[in-house]
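Peer 1: Listed below, chain by chain, are the residues.
Protein chains: 2
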Amino acid sequence: MAKAPKNAISPTREEDYPEWYQQAVKGADLAENSPVRGCMVIKPWGYAIWENMQRVLDQMFKDTGHQNAYFPLFIPLSYLEKEAAHVEGFAKECAVVTHHRLEAAPGGGLVPTGKLEEPLVVRPTSETIIGAMYAKWVQSYRDLPILINQWANVVRWELRTRLFLRTTEFLWQEGHTAHATEQEAVEETLRMLDVYTAFAQDYMAMPVVKGEKTAGERFPGAVNTYSIEAMMQDRKALQAGTSHFLGQNFSRAQEIKFLNQEGKETFAWTTSWGVSTRLVGALVMMHGDDDGIVVPPRLAPQHVVILPIFRNDEERAGVMEYCQRVQKELTAATYDGQPVRAMIDARDLRGGDKMWQHVKKGVPLRLEIGPRDVAGDSVFVGRRDTSTKQPMPRAELLGTIAERLTEIQQNLFARALAFREQNTHQIDDREEFIRFFTPRSEDKPEIHGGFAMSHYAESPEVAELLAKLKVTIRCLPQSGQPGSDDTPGRCIFTGQPSQRRAVFAKAY
Amino acid sequence: MAKAPKNAISPTREEDYPEWYQQAVKGADLAENSPVRGCMVIKPWGYAIWENMQRVLDQMFKDTGHQNAYFPLFIPLSYLEKEAAHVEGFAKECAVVTHHRLEAAPGGGLVPTGKLEEPLVVRPTSETIIGAMYAKWVQSYRDLPILINQWANVVRWELRTRLFLRTTEFLWQEGHTAHATEQEAVEETLRMLDVYTAFAQDYMAMPVVKGEKTAGERFPGAVNTYSIEAMMQDRKALQAGTSHFLGQNFSRAQEIKFLNQEGKETFAWTTSWGVSTRLVGALVMMHGDDDGIVVPPRLAPQHVVILPIFRNDEERAGVMEYCQRVQKELTAATYDGQPVRAMIDARDLRGGDKMWQHVKKGVPLRLEIGPRDVAGDSVFVGRRDTSTKQPMPRAELLGTIAERLTEIQQNLFARALAFREQNTHQIDDREEFIRFFTPRSEDKPEIHGGFAMSHYAESPEVAELLAKLKVTIRCLPQSGQPGSDDTPGRCIFTGQPSQRRAVFAKAY
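Sequences listed follow chains L and S, in order. Start counting the first sequence at 1; every next residue gets the next number (my numbering). Start counting the second sequence at 1; every next residue gets the next number (my numbering).
No lab work stands behind these hints, which were simulated from the structure alone. Fair warning: this is a prediction, and the values are worked out from it, not measured in the lab. Treat the hints loosely; a few may be bogus.
Identical copies carry no separate label here, and so any pair may be met within one copy or between two of them.
Stated by the list, open to error - Listed below are the simulated BS3-like cross-link pairs for lysine-lysine, each with C-alpha atoms no more than 25 Å apart in a straight line:
no.	residue 1	residue 2
1	K62	K26
2	K92	K115
3	K26	K136
4	K264	K6
5	K26	K257
6	K257	K389
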């Protein structure tokens, strides 16, 4: 075995968190930049994690009564313009199709020709084009609710991009629903926020705070926006999913109207909600360590990787046979309602290099199996989340595989929750707030901050201070959320009355 | 119950096949045109069929060693230009992004601004952008093969579109592989042709002829193109999937090269292969009848729809309870390795209207359940493929559900195969060939033709005649295919020697 390097990822999180992130993504072979500005290539391991996220979310959506459908990639400019706040919010980042063919230029090469009468915008989100269809589909209250989700790619022209976290093109799901009453639409908005919360916590092992966004952070055109917010290991917040109550703003702009039970023409109440490949970035930053990413078992493309170790052909035969037997036995076992996913990596590579590849990819359990393990009917188990290794009788591993994976899943959540709790503080004083968000040392600018739970009232003064500190209001946590506080108080900046504390943090 | 109309779809297939297709798609609520020229909206029932196709194909791809990944939507113009035949083939149908933001125009409204230095083409297919990445990933023979598939949307600007069959944007999968040797790449090309054949026949219940395309019908840039061809009910051929051996054409253009085992720099051998949402259109045309579409059980979003029938609240309670029991028992049964999919349609709609909706949607089995069925512990079973109805003890249905669905699946295939065989002819005479493809009556222009298996040799004369008849060479069937014939002969048009018969047909 090759001697282990001190850490598989350089720099460490503490040395340079943003660069650690890039190297962790690269080390796990999740994705890389493409020659197309701001667009990434999602590589097989990264895409397999996204597929697992899709599979789980898709079932959650179906279990809450939604169906999938697919709407056009292109939105006519005039449709985007219908909702004023909406177009204002997206105009600066739209990819625009203006021509529909290429022709040889006199000087060589090709130039766009066939100019379109009306430019088409590559969807940055689909409220307007989906709403146009709903306007056709909805005539009577009997046509409602419409509960549809779409898995799709969207494009928002970004100047500064980071793999998964902010890219020009990204993959997402966008739910779009229309309802007969305001109450139903509000309930739907909050139901999907709960679905996202359950997904983040139960599958990604990522504790989140759920709550309403302030006016300045709303989705363009929404009446209310709700989000789930997670604390990354640099103590910054990451918005991991949003659910929007759109009121009648879009239905008025697009004439989604119906005859209600009293025969009166009424505008529908609509919602939209989405999560994206950004979640893969969140997973990296949530659980990764200085050896690479750590994938929670419930989303891991492989639960177990088996690494055969041998020095010659004679050893090879016995070791491979044993490995295949262990694989077969593992995949006959069940974890999380599915067969355990176990692969053998028999590539002709040095054992140490091979092992470190799987460490960096965050496979929950590694089994190293050599001739001595075969002789002793045992396996040598490496556990990714705790970086511990131990020999174990084969039968013991097989009898406890589901429990072990469950334990890893729970440990990841508990560890993340403890970290967030350590770094969440009720702050009732302006100076303390400023100190909390001010770097403590020039050398390590990121070792400060976290979530500050403070009373505040909206005012230009507060906005200015927050901008200076590069701090944002993440959300107003729902009652009963960890750290929420429904006791009224006074804005720590202005002394104005405040109904409840908000979560403040630096953010991605 | 409402009196049944003579046929649920008007016109019938015989009256006007193209219009029947549009009405069958509409009647099943599969898809509709969007306000965006040539782009369709895939509605929930149509998308659910596509999802089932995806699920099965995805597993077949994984079982043959492929992994999914995701590449950018946009292709820089200069990348598309690298392979001459390729760009020539797609230049006339490219959507081109030229700007990346919108700004308020002086006269009101928005105009595109932020002109891109290099225009971006919305992918019509991804050989060039994926190849650019493979060039980075491949250094040594140890990096090969690369076996990747992508599920994505693509855009080809079409002037005349038809739902599913030809749309500007469509959904598809595109496999892209790179290999160290020519033989491996050829084997991959043919392996995926076999996967498509198995999918078409075993899941879509759609018999296909597989074979090589002639030079004029090759994918732009390919060395060889292979396809599967199915006969629709108007006797026209539909190309349902293609697999391309790209030789070293793309790897030379994009410098996908590696050091082989002898340490010599070599260009990789590549393939690509794809099927699209066009398959949903094929399914409609393959099995639909004058009452609407018929979905093969293995791809049906619902295997069974249960229709409760009652006249008052008192009857309602008993009927619904019984329906729920039957649903529960059905979904506890297994068909094709999965739980039987059974839904209750309890909407407040007239029974006849409701039943006909499900007929038009092609649900394999319908159970009508009223108070008398409850009393007799029976169900009234409507079978979609044969349009037969019969009462049956509940226990009998439950005990035979998997067999019944299997029988429907087999019947659909057998029926389609018999139709194709009836309409496939070896034609050895020029005049007979012309007669075969010439409409027999002005009133019913479509009742003629089919697959003609004839000897031919490429020549301008043949090309001209075929163009005049609107007939194309579909493929050169592989040996052993139904209708294939490896006996050499002479071109029926020119008398030149011919190695084997080709399949000729009018086509979609």
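Peer 1: Checking each numbered hint in turn, tell me which of them this model violates, lowest number first.
Peer 2: Structure breaks hints 4, 6.
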